[in-house]
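**Q** Single-letter residue listing:
Number of protein chains: 2
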Amino acid sequence: MNDAQEHREEDAAVGEDSGTRFYGLNDEIVQEIQEAIEREDAALIYERLADWHSADMADLIEQLKPKLRLPFLQIMGERVDPDVYSDLDENVREHLVDDMEPAEIAAFLNELELDDAVDVLESFEEDEQREVLKEIPADERVVLQEGLSYGEDSAGRLMQRNLIAVPEYWDIGQTIDYMRDTDDLPDEFYEIFVVDPRHHPIGTLSLNRAMRSKRQVLVRDIMDTEQKLIPVDMDQEEVAYLFQQYRLASAAVVNEDGALIGVITVDDIVDVISEEAEEDILRLGGVSEDDLFGSVMSTTRARFLWLFVNLLTAIAASVAIGLFDATMEAIIALAVLMPIVASMGGNAGTQTLTVAVRALATKELTAGNMLRILSKETMVAFLNGSIFAVLIGIVAWLWFSSLNIGLIIALAMIVNIIVAAVAGMIVPVTLDRMKIDPAIASSVFVTTVTDIVGFVAFLGLATIVLL
Amino acid sequence: MNDAQEHREEDAAVGEDSGTRFYGLNDEIVQEIQEAIEREDAALIYERLADWHSADMADLIEQLKPKLRLPFLQIMGERVDPDVYSDLDENVREHLVDDMEPAEIAAFLNELELDDAVDVLESFEEDEQREVLKEIPADERVVLQEGLSYGEDSAGRLMQRNLIAVPEYWDIGQTIDYMRDTDDLPDEFYEIFVVDPRHHPIGTLSLNRAMRSKRQVLVRDIMDTEQKLIPVDMDQEEVAYLFQQYRLASAAVVNEDGALIGVITVDDIVDVISEEAEEDILRLGGVSEDDLFGSVMSTTRARFLWLFVNLLTAIAASVAIGLFDATMEAIIALAVLMPIVASMGGNAGTQTLTVAVRALATKELTAGNMLRILSKETMVAFLNGSIFAVLIGIVAWLWFSSLNIGLIIALAMIVNIIVAAVAGMIVPVTLDRMKIDPAIASSVFVTTVTDIVGFVAFLGLATIVLL
Numbered sequence: 031m032n033d034a035q036e037h038r039e040e041d042a043a044v045g046e047d048s049g050t051r052f053y054g055l056n057d058e059i060v061q062e063i064q065e066a067i068e069r070e071d072a073a074l075i076y077e078r079l080a081d082w083h084s085a086d087m088a089d090l091i092e093q094l095k096p097k098l099r100l101p102f103l104q105i106m107g108e109r110v111d112p113d114v115y116s117d118l119d120e121n122v123r124e125h126l127v128d129d130m131e132p133a134e135i136a137a138f139l140n141e142l143e144l145d146d147a148v149d150v151l152e153s154f155e156e157d158e159q160r161e162v163l164k165e166i167p168a169d170e171r172v173v174l175q176e177g178l179s180y181g182e183d184s185a186g187r188l189m190q191r192n193l194i195a196v197p198e199y200w201d202i203g204q205t206i207d208y209m210r211d212t213d214d215l216p217d218e219f220y221e222i223f224v225v226d227p228r229h230h231p232i233g234t235l236s237l238n239r240a241m242r243s244k245r246q247v248l249v250r251d252i253m254d255t256e257q258k259l260i261p262v263d264m265d266q267e268e269v270a271y272l273f274q275q276y277r278l279a280s281a282a283v284v285n286e287d288g289a290l291i292g293v294i295t296v297d298d299i300v301d302v303i304s305e306e307a308e309e310d311i312l313r314l315g316g317v318s319e320d321d322l323f324g325s326v327m328s329t330t331r332a333r334f335l336w337l338f339v340n341l342l343t344a345i346a347a348s349v350a351i352g353l354f355d356a357t358m359e360a361i362i363a364l365a366v367l368m369p370i371v372a373s374m375g376g377n378a379g380t381q382t383l384t385v386a387v388r389a390l391a392t393k394e395l396t397a398g399n400m401l402r403i404l405s406k407e408t409m410v411a412f413l414n415g416s417i418f419a420v421l422i423g424i425v426a427w428l429w430f431s432s433l434n435i436g437l438i439i440a441l442a443m444i445v446n447i448i449v450a451a452v453a454g455m456i457v458p459v460t461l462d463r464m465k466i467d468p469a470i471a472s473s474v475f476v477t478t479v480t481d482i483v484g485f486v487a488f489l490g491l492a493t494i495v496l497l
Numbered sequence: 031m032n033d034a035q036e037h038r039e040e041d042a043a044v045g046e047d048s049g050t051r052f053y054g055l056n057d058e059i060v061q062e063i064q065e066a067i068e069r070e071d072a073a074l075i076y077e078r079l080a081d082w083h084s085a086d087m088a089d090l091i092e093q094l095k096p097k098l099r100l101p102f103l104q105i106m107g108e109r110v111d112p113d114v115y116s117d118l119d120e121n122v123r124e125h126l127v128d129d130m131e132p133a134e135i136a137a138f139l140n141e142l143e144l145d146d147a148v149d150v151l152e153s154f155e156e157d158e159q160r161e162v163l164k165e166i167p168a169d170e171r172v173v174l175q176e177g178l179s180y181g182e183d184s185a186g187r188l189m190q191r192n193l194i195a196v197p198e199y200w201d202i203g204q205t206i207d208y209m210r211d212t213d214d215l216p217d218e219f220y221e222i223f224v225v226d227p228r229h230h231p232i233g234t235l236s237l238n239r240a241m242r243s244k245r246q247v248l249v250r251d252i253m254d255t256e257q258k259l260i261p262v263d264m265d266q267e268e269v270a271y272l273f274q275q276y277r278l279a280s281a282a283v284v285n286e287d288g289a290l291i292g293v294i295t296v297d298d299i300v301d302v303i304s305e306e307a308e309e310d311i312l313r314l315g316g317v318s319e320d321d322l323f324g325s326v327m328s329t330t331r332a333r334f335l336w337l338f339v340n341l342l343t344a345i346a347a348s349v350a351i352g353l354f355d356a357t358m359e360a361i362i363a364l365a366v367l368m369p370i371v372a373s374m375g376g377n378a379g380t381q382t383l384t385v386a387v388r389a390l391a392t393k394e395l396t397a398g399n400m401l402r403i404l405s406k407e408t409m410v411a412f413l414n415g416s417i418f419a420v421l422i423g424i425v426a427w428l429w430f431s432s433l434n435i436g437l438i439i440a441l442a443m444i445v446n447i448i449v450a451a452v453a454g455m456i457v458p459v460t461l462d463r464m465k466i467d468p469a470i471a472s473s474v475f476v477t478t479v480t481d482i483v484g485f486v487a488f489l490g491l492a493t494i495v496l497l
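Chains as they are written, first to last, in this note's numbering: chain D, 31 to 497; chain V, 31 to 497.
No lab work stands behind these hints, which were simulated from the structure alone.
One thing to keep in mind: the hints can contain errors.
Identical chains share a label here; the pair holds if one copy fits it or two copies do between them.
Below are the DSSO-like pairs computed for lysine-lysine, each with C-alpha atoms no more than 30 Å apart in a straight line [unchecked claim]:
#, residue 1, residue 2
1, 465, 258
2, 465, 95
3, 393, 97
4, 164, 95
5, 258, 244
6, 258, 393
7, 95, 393
8, 244, 465
Predicted model, so just to flag it, every value in this text is computed and none were measured.
Next up, chain D with everything else stripped away, as it sits in the complex:
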């Protein structure tokens, strides 16, 4: 009894944390729940997790040791909000759902909003998908199948089909009465859509505008006719761009004929923006997808390709070095110093390419200003290159008591940093024009260039001057 009381006090402390975290999990709770699962103390678990939000519950499941996840769900039983499954990391979800019957899966898909249900369904293999779909009532199955038919990452996947559309000749009173009489409305929405007889959107009416108008005011007189329409096959990255650029709260999705078929709201976009940024971060780091909760084998496979490409480029750099083995044999100081030039070039190149990749993603870098920004980057490289050339020149001179070596490394440094800036800008822009994601491949190209130029410039100059 004292125990329970203590828990309750801790719980309060979690809600109003001492500083950095106000909400969400902490390690003590995870630890406590794990112990409770192990000794099958359902009462404690129920008490501690009462009223938890589905997103926190999903986080908790991710944090549990994998072997405790299914026992946890069995203990929780009906208490698990189906939303938990759409909030879960995909790797963890797949692992859990593997142990469920198609009928169980169908039952909880039923509880999810359409976009979440399609997400869950899509993570299955095709035959699994069919099994599950068989268990779903026909009318909902049709909706799900239509959802699946839109391309991954398309506007069709993001949209909700539930929306309010009214004709322009209605007045506010009719609109409100219609809303009061309709049961199947979305949980949250911000706008009423105004459509013509062919169901083409012709304007929008924000709820606050509608609420502040008298019942007899006509919709057409207060609707906002400026609207951004989203084609159902638009890529989600482009959709996110529109929402950000024009600060939209929601936007109508139209089919090929221009008819209103759905609505995307800004809260769906929040996830897209995170996903797209995450994708760029991971790709720049040579990781193809979020594999934190992936298995050892799948993670190994996913990272292999990038490392293999890097092995080839590293061997190419070594071949370049091998051309100068006689020079290095004569002056071993060159072998000692040569990684510095390559490393500085690699870092300078990475700085430029990071800015370029980001600016391409935000559409700030375009064909129009590319040359101007390239010339700026070259100037920056010249300035920083000169400073570092002097610094490393002096270090090398003093270290090996050879002014010549100092001059050679200084010259190689400035050349390589300028080459790095040019490659760091041109490589991503070129990839982008070739419709290849610059985040995924720029880095390997640029560092290959800076490695090879770094080694060849340094060793080549040394061969000419010193031998």
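Based on the hints, put chain V in the right spot on chain D.
**A** Showing chain V alone in chain D's frame:
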């Protein structure tokens, strides 16, 4: 006249682009406007830019050659929507505002929403700020100064002060009448706040719920009492986490006493999420802030520090290599091959640290599961390390016809890739616990470790075995 018609057709083509871009700028328009500015063809500019959204206008200004930006604004005059200034890149804005009088600046600040006005004001030096504030009417100045008083990146900066708060004993009819009679409402809002007599928030009422209820229904009977309150000094990153985690559309901001003082809506959060992700991307790439439109000097300065740190670590790696100069002199193949081991370690380490930095940002990686994920990363490194050890071992053996060299590089490779995984996980986690942003410093630590371990393992083993 034919000319104007042609332009109009082009314009239509921009609106419904052939594929990738549906909205926004394209290079042809930028080029055309630049030429029009140069020949002072105001009529063409007015025609082409009629009804442009402020965000597109800001993009256009960023794309113009710097020397054409002020002439452009002079031609546009009153036609420039003040929102353009808050949409502009900070570097470009500073450059433009330098040429304006404080009174002019004050005039357009007046037109902006509070959070945007504070942003613009904050980008000025302190004395400039004072000059501008002097020109602003006293009542608005107080509001701006209060905005400035909240920490940069705090909830206080993000919030809007305009909101609707009603007592719980009102009915829907009273609420609607109050909204109809109040002029100073925000442009967009999604919720009505319910407060107690001390103005503490006790619930929320979504507009759609309110609209669908009869006039005589009491607010207290339909309000949602589950709400996430945001302390005014909460960091914007934490605020964004709350919005994403709990899919909030808006949330109440409270002061130290718990009284309602503002509201943050999800569209403000969209920008925060982009900003925070951009910060991580740039920092991982060794760039401290978005400098695409920065001057040569400020960009050079900003990038210098990172390159300088890298110079020191590169010299440290060279010192490590220098310990083995006799070994390399005896067997020059070692100098040729050594960058491969370091490079593979660097890449494997970057993969792991990228996943770790991202998982720390999304709160998926915690003290609770750190050991589990570390052991997974080590397994992955062991597997990939073994494969690459065999590959490079065979290449080196055949290249230099020495089985010993093949064995040595294979062993060094596996050691370095495992070290890379461990460092790639432990370094960001440790920095995070020390309250240092792991995105900013992880990469330099990890690559220093993999460089030095790579060189020392390879050359050290060679010294033991071969000499």
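**Q** Which hints, by number, does the structure contradict?
**A** 4 and 8
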